[in-house]
Amino acid sequence: MKKIRIALMLLAVGVGYMSAQNTEKAETYDKEVNLQTVEVIAYRLKNISYTDSIIGVGPWSNLRLLDVPYSISTLTSDMMKNLQVNSLNEVSKYMPSMQIEARGGLEVGRPQTRGFQGSVVECSRLDGLNIVSTTAYPMEQFDRFEVLNGIAGSLYGPASPAGSFNYSSKRVLDKPVGDVSIAYQTQGIGTYHADLSHRYFINDDKNKLYGFRINGLYADGEGFADYSNLNRTFIGAAFDAKYDNLTIETNLSRYNYKQYGYPGGFSYGTAIQIPKDIDPTKIGYGLEWAGMDLRTVTANANVKYAINDQWKIVAGILSQTVDRGMLNPGNTFTPDDSISSALNASSGAGRFKILSNRIVVNGLIYTGKVLHNVVVGTTGFVWDIYNANASKNIPLGKAGIYTPVTYPQPQLPPMDGHYHGSQNTQQSFNLGDDVTFNNHFSTMLSLSYNQIKNESYSRTGDKIGGYDDNAFCYSASLLYKPLDNMTVYGTYSDVVQQGSLAPKGTANEDQLLDPYRCKQYELGYKVAFPGIGTGIALFDLSRPYPFVDPADNTYKLQGTQENTGVEIYGDVAHKRLHLIGGLTYLNPKLKDTGIEATSNKDVVGVPKLQGNLFVEYQLPVQGNLSINGNVHHAGAKAANDINTTEIDGCTTFDLGLRYTTSFLKTRVIWNLQTTNLTNQKYWASIFPGSINGNGNSYSAFLGSPREIKVSVRVLF
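Going left to right, the sequence shown walks through residues 83 to 798 as my numbering numbers them.
These are calculated hints, taken from the structure and not from any lab test.
Here the structure is a predicted model, which is why all the values come from computation and not from measurement.
Treat the hints with care, since some could be wrong.
As the list claims (entries may be wrong) - No more than 20 Å apart at the CA atoms, straight line, and that leaves these computed lysine to aspartate or glutamate pairs for DMTMM-like:
id, residue 1, residue 2
1, Lys-290, Asp-326
2, Lys-763, Asp-361
3, Lys-683, Asp-631
4, Lys-480, Asp-418
5, Lys-763, Asp-359
6, Lys-394, Asp-326
7, Lys-480, Asp-361
8, Lys-451, Asp-391
9, Lys-364, Asp-308
10, Lys-671, Asp-622
11, Lys-535, Asp-596
12, Lys-763, Asp-736
13, Lys-474, Asp-405
Whole structure, please, built from the sequences with the hints as guidance.
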């Protein structure tokens, strides 16, 4: 009854996201349509496209954002290039409902929205196909990045309520394009990037063609921390072919990411008060010989066939291998205001392998005057996890909190390979109907039948746990359009999430809990005018909360995490001015934990208030000179389960200049960006030892200091 009352109350208000009806593409590139992405309407400012037109949600394609009952956001390659962002962590601040939980580090952290922890595989996709989220990806690889906030299980299959994150690959362009750039970043990282595309027509027939796109980068140098080093190497190739109604798109890529000497994580217990103003550039919080070495190899293909003007079929497959060498420096805050440092040669997941798939049939059917946009399909993956055969924690020493010291490299333990720790199989069979009754009323219905199987193994190969289950996920939305440029909608979703693993030391250690259900109520309003789009989304999400019962030391479902909140978004493009902004307010609570001290407390690491405002203005001077600025605010966060300590909120400012000119019939773009202009010292991510409540330890990671990025880019 409580949730029904909440839903009825929210119906009086509304939900949504920014949108606009008149879309213009950037002239920088001619962009291909991707049938399995979530996007928002484009605005154009002097040939720069920062958001893309609506294309698809889940198995659906060719939908306007105004007709979609979800809150979604996106960044295109244009904006990422102009702001010189190259990692998901840097992108996340432009998404006002998104955070990175830096479990293992910011580059291998899990993306999340609305205060719920994301999963390793279920929530993240490349071109609609599941991928590993806990590895590094170069944003130079992608045409855009899209986020669907909240629950999406009926569209994509079982997943946590943390949202859906989709990377869209760069496709072969209609015209030959060369894009070469050189960049320099504080305090010594040089980056060299080239992106080349060419397409060939068969007998000058535009319906018969093939083409390729080669994309590569190399970056190396000292990072913001003294004696640190960052090395990034990426090579990617795309090959596309079209023959009448058949289109084939393929991609192959390899990314090596090495980061050493950066600050490690900081651990602490419940009684510790988190210190402030720690300088991330100081040597000692990180060790120049410790860090991470990530290697990600991905191959995927999509085949699209237009049966006729109203029906199409899309099939895709993806294979990915992720190797993670993690030699993590760790710092622990102690009661005597010191830091105890250690080196952790992790026994965690050192290798992931995933094989994912999808097939979707989409078409239109009329029943009288009622239009049905029908989808039938299946999507899923097989995900294998390989753990290290050995691990070791090596104590290094102790120092003052603000006076860290460096340590010589100890004798490291031999890394003698991996063993097959578990296999997760998930396959969803989807059915959906987007029903348009008339110009004012429509409904979107989606249902998925899901097969979930999990098996875990010991080092000797013996099966030690698992489950084989099936469940339904469903979602129902009602949309009302008083005018063609505005929508009021309400959505109810009920989905399943894979069960979590019982921790070491419990009576049922290494056993997997059965899948459990998550629910969401979301309602809202969105409106679009030429050059202006805005909306508001209100929501209530809940999921079961597993934790260790102190009475019998058993890990089981006993509580609930419930997050309620509101998201406000806006996008304005007027003449020389462009603004993109958003604000999210959350009330994240843990309830019925069985422990009075932790019941009805704020969720650790989730800010109640988070917002971002990006502004770009083209100066009225000779030439093409633009200035941009960004303000990002993250509010205070609870730092332990009993809420006796918190970390302060933080506001950071970015400032940039961009000048575009022509030289020898080529386009040259000079770019200067400064991030964290006032050099704020802040905690970027803070989280419990387990989001599922199985421990009394917590971890935190520092945010980046002020950095200056300079680049020159040539397009030909």
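Going through the hints against the structure:
1. Distance hint between Lys-290 and Asp-326 is fulfilled; the C-alpha atoms sit about 6 Å from each other, no more than 20 Å.
2. Our distance criterion of 20 Å between C-alpha atoms is met by Lys-763 and Asp-361, whose separation comes to about 6 Å.
3. The straight-line distance between the Cα atoms of Lys-683 and Asp-631 is roughly 18 Å, inside the 20 Å bound, and the hint therefore holds.
4. Pair hint Lys-480 plus Asp-418 holds up; C-alpha atoms about 11 Å apart against a cutoff of 20 Å.
5. As the CA atoms of Lys-763 and Asp-359 are separated by approximately 5 Å, the hinted pair is consistent with the 20 Å bound.
6. The hinted pair formed by Lys-394 and Asp-326 meets the criterion: a straight-line CA distance of about 13 Å does not exceed 20 Å.
7. Pair hint Lys-480 plus Asp-361 holds up; C-alpha atoms about 18 Å apart against a cutoff of 20 Å.
8. For the hint pairing Lys-451 with Asp-391, the CA-to-CA distance comes to about 19 Å; that is within 20 Å, so the pair holds.
9. Our distance criterion of 20 Å between C-alpha atoms is met by Lys-364 and Asp-308, whose separation comes to about 6 Å.
10. With a CA separation close to 11 Å, the supplied pair Lys-671 and Asp-622 stays within the 20 Å bound.
11. Of the pairs offered as hints, the one joining Lys-535 and Asp-596 holds, with about 10 Å between alpha carbons and a cut-off of 20 Å not exceeded.
12. Distance restraint check for Lys-763 and Asp-736: the Cα-Cα separation of roughly 15 Å lies within the 20 Å cut-off, and the hinted pair is therefore satisfied.
13. This hinted pair checks out: Lys-474 and Asp-405 have alpha carbons roughly 19 Å apart, not beyond 20 Å.
Of the numbered hints listed earlier, not one is contradicted by the structure.
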